[in-house]
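All chains, please: the whole structure from these sequences, using the hints.
As you go down the protein sequences, you meet chains A and B in turn. Counting in our numbering, the first sequence runs from 9 upward without gaps. Counting in our numbering, the second sequence runs from 9 upward without gaps.
Keep in mind that the hints were calculated from the coordinates and are not lab data. Errors might be hidden in some of the hints.
Which chain B residues face chain A? A few, computed with CB under 10 Å, are given here [said to hold, decoys possible]: (1) 9; (2) 13; (3) 16; (4) 17; (5) 21; (6) 80; (7) 81; (8) 84; (9) 104; (10) 107; (11) 182; (12) 186.
C-beta atoms are modelled at their ideal positions from N, C-alpha and C, and glycine is treated no differently.
There are 2 protein chains.
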Amino acid sequence: MKYCSECAHPVEYIVPDGDNRERATCTQCGTIHYTNPRIIAGTLPLFEDKVMLCRRAIEPRKGYWTLPAGFMENGETLEEGAQRETLEETGVEVAIGQLLASISVPHISQVHIFFEAQMQSAEHAASTSESLEVKLFSWNEIPWEEIAFPTVKKTLRFYQEDMLAGHIQTRILDIQPQERLKVGD
Amino acid sequence: MKYCSECAHPVEYIVPDGDNRERATCTQCGTIHYTNPRIIAGTLPLFEDKVMLCRRAIEPRKGYWTLPAGFMENGETLEEGAQRETLEETGVEVAIGQLLASISVPHISQVHIFFEAQMQSAEHAASTSESLEVKLFSWNEIPWEEIAFPTVKKTLRFYQEDMLAGHIQTRILDIQPQERLKVGD
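Written out as structure tokens, the structure is:
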């Protein structure tokens with residue numbers, strides 16, 4: 009941020025009174041411009057014993073498989089955001105179930121939140137503007153080496169473990185920067 | 009937002025190609041300025057059979073009691089944000105426990121997240137720059153009529169119910185606008 013979005017004056021990075029961090033501050037109109045972490049909301053969509061993944065049509069990680077997820081929008085709830093992203097990326101309406109994972113990714117200032125979700129039928133789009141391909145996978149067919157993001161891989165892995173253990177848990181996790189380099193693990 | 013924060017040109021609110029919502033868009037440099045919900049991270053701090061509340065020194069709801077919580081900052085995890093806010097508002101270092109509540113508040117584009125937290129001792133600040141007063145309450149002493157926000161009241165109420173039932177749960181909730189008007193309920 010170089011200019012004040014309220015008055016177009018150049019901003020300065022200073023610590024405001026009573027604060028302890030530098031903020032983009034306008035010395036003309038006094039506006040302090042805060043930036044905060046963003047939420048990615050998504051689902052793990054299930055139909056019978058299969059999970060739906062989509063192959064990304066856009067960067068980053070174009071061509072890799074992911075769970076449907078994207079930036080939560082103003083004015084919606086977490087569940088609404090997860091539902092909307094699932095519809096946009098797969099063409100499927102889902103019923104939102106329990107919270108599976110809340111994963112902080114501090115080096116990119118994001119929190120990724122995934123819900124279990126039930127598909128009402130096995131029908132889905134073949135592709136969408138955001139997905140090259142949408143597909144239902146048996147758990148033993150999941151392309152683990154081609155999963156787009158560590159948050160998605162962890163959410164899938166924990167779900168698989170929990171299914172085998174017979175008890176689906178809510179996981180609160182962090183992803184550290186070094187894990188970003190091991191996306192294919 | 010009136011001006012582009014990158015080049016100071018006036019922004020226009022238009023739907024970008026491939027999008028379905030109006031965004032503040034710069035027709036000079038092409039930057040699209042997204043705004044997204046913000047996260048409030050906080051704790052329910054416990055010492056033995058008591059819970060720590062703080063009386064707000066700042067608006068909104070100055071003078072009302074709340075759990076320590078505030079805006080999550082870039083570069084931190086949810087747990088780090090909750091811990092930092094607790095320290096700032098009460099002078100207490102806590103150990104973060106399980107996730108208690110994730111509450112979407114869509115009319116103000118926020119998500120409020122509270123963790124159970126253990127205090128290492130009963131010591132806390134008498135007051136801080138953000139709290140007029142900090143106090144440990146027995147559950148039967150909680151000033152229910154003077155709780156600052158519905159998200160805080162719900163988190164406390166559910167925790168009390170869960171304690172009595174002997175099983176602490178993670179709650180995924182929404183707060184709708186009409187509930188904002190009933191803060192004292």
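Hints, verified against the model:
Of the supplied interface hints, the one on residue 9 of chain B holds, with its beta-carbon coming within about 4 Å of a beta-carbon of chain A, less than 10 Å. Hint status for residue 13 of chain B: holds, given a least beta-carbon distance of 4 Å to chain A, under 10 Å. For the restraint placing residue 16 of chain B at the interface with chain A, the shortest Cβ-Cβ distance is roughly 4 Å, inside the 10 Å limit, so the hint holds. Interface hint status for residue 17 of chain B: upheld, as the beta-carbon distance to the closest one in chain A is roughly 8 Å, under 10 Å.
Annotation: residue 21 of chain B was flagged as interfacial toward chain A, and the flag is violated, the nearest CB pair being 13 Å apart, outside 10 Å. Checking residue 80 of chain B against chain A: minimum C-beta separation of about 5 Å stays under 10 Å; hint holds. Look at residue 81 of chain B: its Cβ gets to within about 7 Å of chain A, closer than 10 Å, so that hint holds up. At about 6 Å, the closest approach between the beta carbon of residue 84 of chain B and any beta carbon in chain A falls short of 10 Å, and the interface hint on this residue holds.
Contact between residue 104 of chain B and chain A, as hinted, is supported at the beta carbon level, the nearest pair being about 9 Å apart and thus within 10 Å. Contact between residue 107 of chain B and chain A, as hinted, is supported at the beta carbon level, the nearest pair being about 5 Å apart and thus within 10 Å. Because the beta carbon of residue 182 of chain B sits about 5 Å from the nearest beta carbon in chain A, less than 10 Å, this interface hint is met. Residue-level restraint check for residue 186 of chain B is violated (minimum Cβ-Cβ distance to chain A is 15 Å; threshold 10 Å).
Violated hints, listed in ascending order, are 5 and 12; each of the other numbered hints is respected by the structure.
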